[in-house]
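Q: Read off the chains here:
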Amino acid sequence: MPSTVPVAPSTPQLEDLVMNLAAKGTAGTSSVDGTIAKRAHYAPPWADVSIIGIAGSSGSGKSTLSQAIVKKLNLPWVVILSIDSFYKSLDEEASRKAFRCEYDFDAPDALDFDVLVDRLRDLKAGKRADIPVYSFEKHARMEQTTSIYSPHVLILEGIFALHDPRVLELLDMKIFCEADADTCLSRRILRDQRERGRDVEGIIKQWFAFVKPNFEMYVDPQRKVADIIVPRGVENQVAMTMVTQFIQQKLLEKSTHHRAELTRLETGALSQPLTPKVHIMNQTSQMRGMNTIIHNIDTSSEDFIFYFNRLAALLVEQALNNIFFTSKTVVTPQNLPYRGLAPSGEVSAVVVLRGGAALEAGLHRVIPDCKTGRVLIQSNIRTGEPELHYQVLPKDIADHSAVLLLDAQMSSGGSALMAVQVLLDHGVKEERIVLVTYSAGRMGLHRLTKVFPDISVVVGNLCTDAEERWVERRYFRC
Amino acid sequence: MSQEVAPVKCVGPEYRAEDQKPTATVSTVVHFDNVTVLPQTPQLIALLSIIRNHTTARGDFVFYSNRIIRLLVEEGLNHLPTVSHTVTTPVGRPYDGLSFQGKIAGVSIMRAGEAMEQGLRDCCRSVRIGKILIQRDEETAQPKLFYDKLPEDIADRWVLLLDPMLATGGSAIMAVDVLKSRGVPEERILFLNVLASPEGIKTFASKFPQSRVVTAFVDEGLDEKNYIIPGLGDFGDRYYTR
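The listed protein sequences correspond, in order, to chains B and D.
Using UniProt numbering, the first residue of the first sequence is number 1, and each one after it goes up by one.
Using UniProt numbering, the first residue of the second sequence is number 1, and each one after it goes up by one.
Worth flagging that the hints you see were computed from the coordinates, not collected in a lab.
Just so it is clear, the structure is predicted and the values come from calculations on it, not from any experiment.
It cannot be assumed that every hint is accurate.
[Said to hold, decoys possible] Below, simulated DSS-like cross-link-like pairs (lysine-lysine); rule was C-alpha separation at most 27 Å, straight line: (1) B:Lys-250 <-> B:Lys-138; (2) D:Lys-21 <-> B:Lys-429; (3) D:Lys-131 <-> D:Lys-103; (4) B:Lys-88 <-> B:Lys-127; (5) B:Lys-124 <-> B:Lys-88; (6) B:Lys-124 <-> B:Lys-224; (7) D:Lys-9 <-> B:Lys-328; (8) D:Lys-21 <-> B:Lys-371; (9) B:Lys-250 <-> B:Lys-124; (10) B:Lys-127 <-> B:Lys-371; (11) B:Lys-328 <-> B:Lys-124; (12) D:Lys-21 <-> B:Lys-328.
Sequences are here, hints too, so could you generate the full structure?
A: Encoded structure:
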């Protein structure tokens, strides 16, 4: 290079000072007492999804290949996104044409690349993406959408997967599928008849009017930007193995990175006191008495469940002191005013499965009709890495004034971090989250509050770090 | 009649700034060593706001008063004697805990006090429960004992006396007198109460200095009919029949 711009030597102390001053100017948003808690960063394994584009002629075996890859890997975080979902809704005239099989579905113009790029960028940022549902029978976008959330690897499949330069920028691997034209046509006839409600005549008409010319003009040129060209689709075992190995490599990188992140968050945590937003239940004699019964290995299951439910109700009562209230004056039967309080809005709960379900009986004693979302997070048996397997949340969760996140036990804090991240990704504000757990270790609490200083936490009692998850085993008796 | 100045305060968790906490009327402060007022948390104030509101339907009144009563029972039980007790946990480590000593019984003053029995049972599954019926004598205007049925061994037990409203204290005092006449020592009587008047608290706490009152809220005072104000109306009516 001819010349380089000189870089000013960094002065960390000065920078920190400036940052602190800047932060003080906007104090009140992060912490009340004016002290600036340094927020640590946590990146879930879905934060930087790897996207693999598979393009190729209609009937060249793209979707079969994608499905074969997903089936071979058999992991919930490898998902397929078909570019067909992004067909534009047709206006009346275009729609009439389409029903006569005179509309050109095989040109790039038929696809809404702007929406596709937006959604891919959302996914790349770790957010939930609502994917339109296109009806081939009606030639229109349906009202409902499906959503994709938290894939680690996304396979983008469609004739124009490698067409738009904005999409290309987001791809980690570019594949072009190839097949003889007669193979493509016969596959297309079978598929469109079976799945899309077309007749043979219409299909053949479309093929010669649109599919073939478009292939030559737009589809085939994509091969120039592809990393791999796969002839013979799924029959091509060598190509299949190459692609799956590439994905496995990506997954391993993400897992390693995620675990390293979690380990990094441990360092230095123990030397600091817990933040005031962590509330450990007062160890009153009732509390200690109940804890003794719950901890005693000789306690009968009946007693265990009874006392655990009783204590869980107290945890939830305490958690509700952290939600937001507004003043409300009521009139008593004596016709006198009383200046009291009312919750600022709806309170819902999210249960971290399986342990969190043990707190549900207690939750329902306090809020019987509480809307309850569920997330299943499990630690990988080999690596200990928490993995998100399943999540269903109330649709309007971002509007709730508080969300109680329930888990029976928290040791390393890995699954709690992930669960909070899931809520944030769904639009829940950090200060509205109250984590409720029967027991927690200091390490986990530090990790969690370092990353998410604005959530509040209610803990039944402190336990040693890395304690086994025995509570749910006792509660569910398996 | 008499009325205290109701304290208005910002209510909320300690970590939140005062201007982020809404204001509400909290319990009147009373100075007796043997009176425990539940912590005036925003949640408790919100629960009280619901049961005080005259538009609250009976189903909600029952549900939300039960929640307050459970908190009262949980607090009341903290005043029972304990011994230390170390157990082994399912993961094999020792846990230094404690266990409760002494037997308990509930005694409800009919009929409003019976509304508190469910809350007691939620915490103590098979507790024995006695009942006392006290009504105002029409001739003398004084409370009169009409009926009582108490566990035989009541003298050996700690007694949780249940009455949600403490207005003048007449019935509660008579109930304690009944218990004492059956041999229950005053120091083993815990009076659980949802809403009290400052007068009632004063009368009861000074008459029985060895016993303990646990209440959710001390209100402003009494009106000319000796109803607690601003109050919540007739608890028994709202719970059972209204």
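Q: Would you mind marking each hint as holding or not holding in the structure?
A: Checked hints:
1. B:Lys-250 <-> B:Lys-138: The given pair, whose Cα atoms are some 39 Å apart, is violated under the 27 Å limit.
2. D:Lys-21 <-> B:Lys-429: 18 Å, holds
3. D:Lys-131 <-> D:Lys-103: Roughly 17 Å separates the two Cα atoms, so the pair holds.
4. B:Lys-88 <-> B:Lys-127: 23 Å, holds
5. B:Lys-124 <-> B:Lys-88: 23 Å, holds
6. B:Lys-124 <-> B:Lys-224: 25 Å, holds
7. D:Lys-9 <-> B:Lys-328: 13 Å, holds
8. D:Lys-21 <-> B:Lys-371: Holds, at roughly 26 Å.
9. B:Lys-250 <-> B:Lys-124: 14 Å, holds
10. B:Lys-127 <-> B:Lys-371: 22 Å, holds
11. B:Lys-328 <-> B:Lys-124: 44 Å, violated
12. D:Lys-21 <-> B:Lys-328: Holds, because 13 Å separates the two Cα atoms, which is no more than 27 Å.
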